[in-house]
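A.B. asks: Since the structure of chain A is already known, use the hints to place chains B and C on it.
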Amino acid sequence: MTSDPYPTHLELGVCDYPEQVPADRWAGYAAAQKALGLRFVRLAEFAWSRLEPRRGEYDWAWLDQAIATSTAAGLKVVLCTPTAAPPAWLIAQHPEILPTGRDGHVKTFGSRRHADFSSSVFREHSRRITRAMAERYGQMEAVVGWQTDNEFGWGDTAQSYSPAALAAFRGWLERRYGTLDALNEAWGNVFWSMEYTDWEQLPLPNRAVAEVNPAHTLDFLRFSSDQVAEFQEEQVAILRELSPGRFVTHNYMGFFGAFDHYRVSGCLDFASWDSYPTGTLQAIHEWKLTGPELAHDFARTGHPDVTAFNHDLYRGMVRRTVTQEQGRSPGFWVMEQQCGQVNWAPSNPLPAAGAVELWTAQAWAHGADAVSYFRWRAATMGQEVLHSGLLRHNETPDRGFAEVAALDPGQYPLGEVSARVALLHDYESLWLYNMQPHTEGLNYWAQTFAYYRALRSLGVDVDIIHADADLSGYAVVVAPALTLITPERARHLETAAQHAKVVFGPRTAFRTASGRTPETGQFGELGELIGASLLNYDSLYAGMTQTVMGNGGAAHPAQHWAESYHTTGAQTLYRYHVGPLGGESAMIRNGNVTVIGAHSTDLIAEVLQATLNETQLGPTRLPEGVRVSRRGGVTLLQNWNAHEVMWQGQTLPPVSSWACRAW
Amino acid sequence: MTSDPYPTHLELGVCDYPEQVPADRWAGYAAAQKALGLRFVRLAEFAWSRLEPRRGEYDWAWLDQAIATSTAAGLKVVLCTPTAAPPAWLIAQHPEILPTGRDGHVKTFGSRRHADFSSSVFREHSRRITRAMAERYGQMEAVVGWQTDNEFGWGDTAQSYSPAALAAFRGWLERRYGTLDALNEAWGNVFWSMEYTDWEQLPLPNRAVAEVNPAHTLDFLRFSSDQVAEFQEEQVAILRELSPGRFVTHNYMGFFGAFDHYRVSGCLDFASWDSYPTGTLQAIHEWKLTGPELAHDFARTGHPDVTAFNHDLYRGMVRRTVTQEQGRSPGFWVMEQQCGQVNWAPSNPLPAAGAVELWTAQAWAHGADAVSYFRWRAATMGQEVLHSGLLRHNETPDRGFAEVAALDPGQYPLGEVSARVALLHDYESLWLYNMQPHTEGLNYWAQTFAYYRALRSLGVDVDIIHADADLSGYAVVVAPALTLITPERARHLETAAQHAKVVFGPRTAFRTASGRTPETGQFGELGELIGASLLNYDSLYAGMTQTVMGNGGAAHPAQHWAESYHTTGAQTLYRYHVGPLGGESAMIRNGNVTVIGAHSTDLIAEVLQATLNETQLGPTRLPEGVRVSRRGGVTLLQNWNAHEVMWQGQTLPPVSSWACRAW
Amino acid sequence: MTSDPYPTHLELGVCDYPEQVPADRWAGYAAAQKALGLRFVRLAEFAWSRLEPRRGEYDWAWLDQAIATSTAAGLKVVLCTPTAAPPAWLIAQHPEILPTGRDGHVKTFGSRRHADFSSSVFREHSRRITRAMAERYGQMEAVVGWQTDNEFGWGDTAQSYSPAALAAFRGWLERRYGTLDALNEAWGNVFWSMEYTDWEQLPLPNRAVAEVNPAHTLDFLRFSSDQVAEFQEEQVAILRELSPGRFVTHNYMGFFGAFDHYRVSGCLDFASWDSYPTGTLQAIHEWKLTGPELAHDFARTGHPDVTAFNHDLYRGMVRRTVTQEQGRSPGFWVMEQQCGQVNWAPSNPLPAAGAVELWTAQAWAHGADAVSYFRWRAATMGQEVLHSGLLRHNETPDRGFAEVAALDPGQYPLGEVSARVALLHDYESLWLYNMQPHTEGLNYWAQTFAYYRALRSLGVDVDIIHADADLSGYAVVVAPALTLITPERARHLETAAQHAKVVFGPRTAFRTASGRTPETGQFGELGELIGASLLNYDSLYAGMTQTVMGNGGAAHPAQHWAESYHTTGAQTLYRYHVGPLGGESAMIRNGNVTVIGAHSTDLIAEVLQATLNETQLGPTRLPEGVRVSRRGGVTLLQNWNAHEVMWQGQTLPPVSSWACRAW
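Same order as they appear, the protein sequences are chains A, B and C. Residue numbers for the first sequence follow full-length UniProt numbering, so the first one is 1 and each next one is one higher. Residue numbers for the second sequence follow full-length UniProt numbering, so the first one is 1 and each next one is one higher. Residue numbers for the third sequence follow full-length UniProt numbering, so the first one is 1 and each next one is one higher.
These aren't lab readings, by the way, just hints derived from the structure by calculation. All values derive from a computational prediction rather than experimental measurement. For each residue, glycine too, the CB sits at the ideal point set by N, CA and C.
Not the full set, but computed from the structure, chain A residues with beta-carbon under 7 Å of chain C: (1) Glu-19; (2) Ala-85; (3) His-296; (4) Ser-347.
So here's chain A without its partners, still in its complex pose (with noise of 0.2 Å):
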């Protein structure tokens, strides 16, 4: 081991899958791995089927062998479990493994992930080959670190409708009630004759006649929610027992909304996520965002806010200090980074050249630690086929690998993000919003990344936080969806307010914490910090607008929402024009709170900017597909448009980076 255990800039590695080439390549691969810049390597993902072939007989040849490869090479390594691909024995031996879909069949075996997180027998196995591998590798010098599992959620098995996990649902009830009275009350089921009498009555929130009670799938998402942190944590619990001094990560998807993430990441040292910005590109059309013009502009890098925006995330995602020798926050990994054409999008173009330099660097600028590029030969074999690697399938180099030789990780030194700018986020609120969109054109990913989208389009950095987290630091808080607000967060959000800027989006404190509106009605608790209450919102369809004029008469469509506002203390500053909101307040502001009511990105951008200015943050409106990000002392811009563009002065070439310590 030659590398330094704590190291001072960007390190990148690769995925590796040695079990699926033949033994002789792997000294080969292991070399041109560390030739090309690479520092480590992630090993073992999905390879159960070889580190057990059979019940209790374990093979760790073959990875001794492949761990001592990569080291003797100069390679570190992260170990994954295994454990998002069963082998087929176990499952022969135990189906009832297998998880039950929304539409009430068992999954079968023969992809990945076919395992219910309510199995107590695939509990079991989950922490036996845990503890085997970590018995084996755990204080192994070479192994840094451990991914657990692999992409929690994957082919939508975060939740399962199995006899399992209805048992464990109803004892999760009552234990969070305690009696039945006290669930029908919290989520109303007096309404349609839903009042249960046994706890054996309650059933799962799938194949009912219709829509169930939002507060009967809020409680199941977060049932189902606490299974998979369970489930994490009895695999973390043994690492730290066995691999003590080594990270412990998870690698997330990108807007992936079927788990609270906070919740299950509580055991992690840092979260980790995989980064594949033109598939994830697909966003901004199920979004309906933009017309499929923007898609094409950005088909061969994607867009730089999709991407920042999970950065940003999963940054936030573990906020507590566990580096004390670099006294800054945990930082994240990218455990997958795409460096080729993925295979998963309807369509997947080639990505333009730059894109590999583009996206490693703005994941550092964004605050990533390490970028472990997928993967290093693309497959020959398994549904992956189609998707490349750093080299081809005949091993010879493809065009990332050029890219990634020609990196710089030196430009990257490690150091805190520090924003000034929280927006906050919340799991329970983007379940209750999309369990009940109300229109066909915005959901939670949408209109908080419509905020999200402003604020980096006015060049602030900003920190993606759960709307609980500490908002001392900060200098504006942008709440742009929290429809769910409970007691406690109000007086939170009063606490900010005191001393930050704070803005609210739409559908704000419309539900408690058990789904039901407030009998109060919207802003419920937050309606003393506010200033006012619901008038009405209006759910247009695509190509209805609502005018909205501010006090200054500059006028912006608000499209698919716009919510209108009785005033008890706030002013109001922005109106609707005409229609049958005509004349009502449309954005009001009661001393540092602000709430934007129209979904219109002219306002929420024009909004955002005076609210900065205010603070001194200094926007600058940047164009499309340019952006700034800072980390460290070091400033990185760039144009991620497929053409040049003119921006103070600068010809930004296309699809380019610069990083300076002068901006």
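C.D. replies: Okay, now just chains B and C, sitting in the frame of chain A:
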């Protein structure tokens, strides 16, 4: 009770759910309802779990108090049997009550309507709770009427594919056909070797390899309608026995064709329906009748003809005279009337100012004796928290409240709607048409609506009645889509044609009572009356047209469907211009009988206008969205457009109504 | 029997179902058929319930009479085994015959094809009814041939996911691979820990969490094809034994890829197919080949190349010589020929005047020895009442009747189609391509069809043949989408390239026989022949293009897919212009071998034209919709457009044909 038992003017009411709010609100709510001008309140819908918290343990106290509170405030009460929401304890004890979906899966508890009409256990409990309620409240003075259950068929539950349904279906078939030979012949089971040799071989018409025999599905839909009818009849018999002198009705849904509403309504005093004009407007999208522009024009009011169609449909559902004091038809109720935003369309625009008056006045003009707003206060729990009420969540009056307050029911005297034009409707024709639409651009409702809309745009009042109803009083009979013709129906139409103009649309008389085609081809039993037979039908893709030319030179583009005829006695008034049907008859006339073979809104309007001219019904071409209706000597003129309209020298403001006797 | 056993000209026939009409019509029908110029009638399809009304009780009387009636009128008879519609009594006795869908649900009785090819019980009854029919009619003089079953795979039944299928699949795999080690290696099961340690662990490839291993699905599709083939072989063996001298064929469907038709056709004398040009035109929509305009232009005829593709496909399905008297290839039949409107497309336009002659003449020109119209009289019962026949429901002659009457089969002498151009096809390549299309704009059929259409637009006749078929007689061999290349296939193509020009399309040689990629990457085994290897494939969203520039300066826009190559021996004739592939090879040539890497209809046409020029095949650029075909010394020129076309000084009227020897 201060209200008269036989009202002389439109009565307003509201749907309220006192069990969903603390009892200390009830008196205030009742007083406010009375002050608003409401005359009645609908109670106890979905309240089974509160009326019978455990099997056989009834809790009447709260409903006693709720009724007493309403009565004390001077309100009349309409009670509902609560069977649309069987409680959890019942389902737990008898899971066989749960219905089975078309996909073969049992639907679970958690929403509403989770009961199989074919379940004898459910039937038993339905009778039991109905009897218990009727014994308690049946003769209470305040209780003026009953609503059975709620919205039969909601959530795709009019059919169940359960073992109980299968057994009942086989019995029903055996009673209908007597022998399998008769069934095999009626269904034409020689086709594809579908002949049965044992009643136990007969399957439900779901989950076959592909489409089943239309005759099979037709009989299953008839059987399922009978199951719904029997279910309702059982409740009504109990209510007749224990609550004499009170009306019994059911609240149906708009454009809902899953069961034969005439068959199911046979035991009612009058029909009711639930009118949600902005939500029902979706039908226009689904039928592809018009571009999104038209839907947007009426996004905040709904389209006048879409709503009026259902008023006229349900007015004609029960045609016997039961209120002898008034000497007029039984009319209908709007049991749930939208008075703000709904929550169930893809997007849910806020109603325009004036929409509540527009809807209420229109309902009256089309024959409603009462309009009951849904709901008093917006729900703070359950699936419908995003649905509005007269009060907001925070109990302040919402927009609709003020509009109701401004209404003067004295403007709206009860009286007869005296239409001279009948539009014939038949659920069996609907089923056959929609099972095999043969073109992606049309279905039974869309074709029927095109004729209705044309008639309404010509200013005439229309009775929508069953194809076999008494036609003696009509000058014009329009049968837009009577696909199914029995010999009896043919004789009935021949009789009508002796005194009335009869206009048929395409696909008339294409199917017999068992769903086959006539052996003599289209028009089968109507061939002599029409004096023609079918040559060909042309089914056109969107964008294709067939031009129809009148003898006088007018040219009209037909879309989606075009039939041509061989005339044996009829005259040809319009011919196809070019294309495969070029030169062939497109519209024919044989004395009083006209057939329009091409689907062309212009042609339909032109032919109907000429027909009305001949009958001195004085048609007037009205602008889009402007409509005139008459009831009991009063004429209502409305402009449903979001913009003002100049018409006959008058300026009609947007969303406006006038009711006057002078008209 | 007056007809000659070895016809010299095209024979016409009709599909008739005498069991569906009263017997007193039969003689009249037969006389009318004969008078119309028909030579044969197809009988007994789907007639199982009439032939064997109860188990073991055969009723031959009606079919005896039907055959006798046809014979008496001078018609030959083709009989069908009725196994596509097992009767209700058989299913009731053996419900295990029912097939299981991909969703895991058993498909029920009520349509057709409700049988599992893997069911040994079904197989037994299939053999029994076949034997009974063959014993009764096999040596009857009037019976000239047999059709087995009907449209294998219709209704998504080529695969069944039943317990019987699972057991048979496991046995098939064990026979194929011998050991699980071999299977695991072939499938690459180390990927995602999919390795099996017991044959009983192997699942069916449905209902997994997500996509299963393509190798798994590939073998399941092979297995399922074998099941269909064995089913047919069992019937054919009985027919050969009991009905010597009669042909045996099966009527396949157009563009149907669910099983390997070459494998299944091995036991036939020749293949047949069911040609419905206006319905099959839907394929153009599904492939997104062209805008709706093109589809509308050909809405009333279908597109000539869409129909001709299937003619050429099925002509090449059986390639041995069986009719020694004629000394030519066995040809094919159109067993069901649309002669009016179909009932199964979203919309079903009426055929243009002249379409029946257009279709019949084209079928002949592409090698059909017989064309059998579907059906004699439009059905008055069952699922197909909206489908036309030669007679209307009312038994009057429909439009097609007159067109058939006007046909002169004497214009259409039988003879060889002597194509010098072979287009290579392979169902295994189809399966692999369509499992992982990687772009939303292309699939195997669409890509293959693009090459076929280009060839046809250049005026040449094309043989569509299996990739491994004898290529010795061809001057040009086009392999548009041979994804799967085995070593044997590579040697076969190398041999062909010694004498013929060979043109490959994109994705060639991307997969091995087990569905993996070659370890040496694309082109694997063909690398030396082609003299190049893959650099990258670019998968483009709709609206994105890659411009390809020829060395001579021609520029062509590629859509959906663009590959670039590293040349090791080949020359580059076209390069990409800009974008990520800018400057790289788009079309390469190595001696006789050409690879077109970009999907561009213009480029394909240009390259194929140049290739044809080199081989003196004299290509002629034909206008859209105008096509030329040659058979046995006679040339057929057709204009399929709805408008007239000027071509080579001639005016071709819309929807018109000329057959002449002078051409």
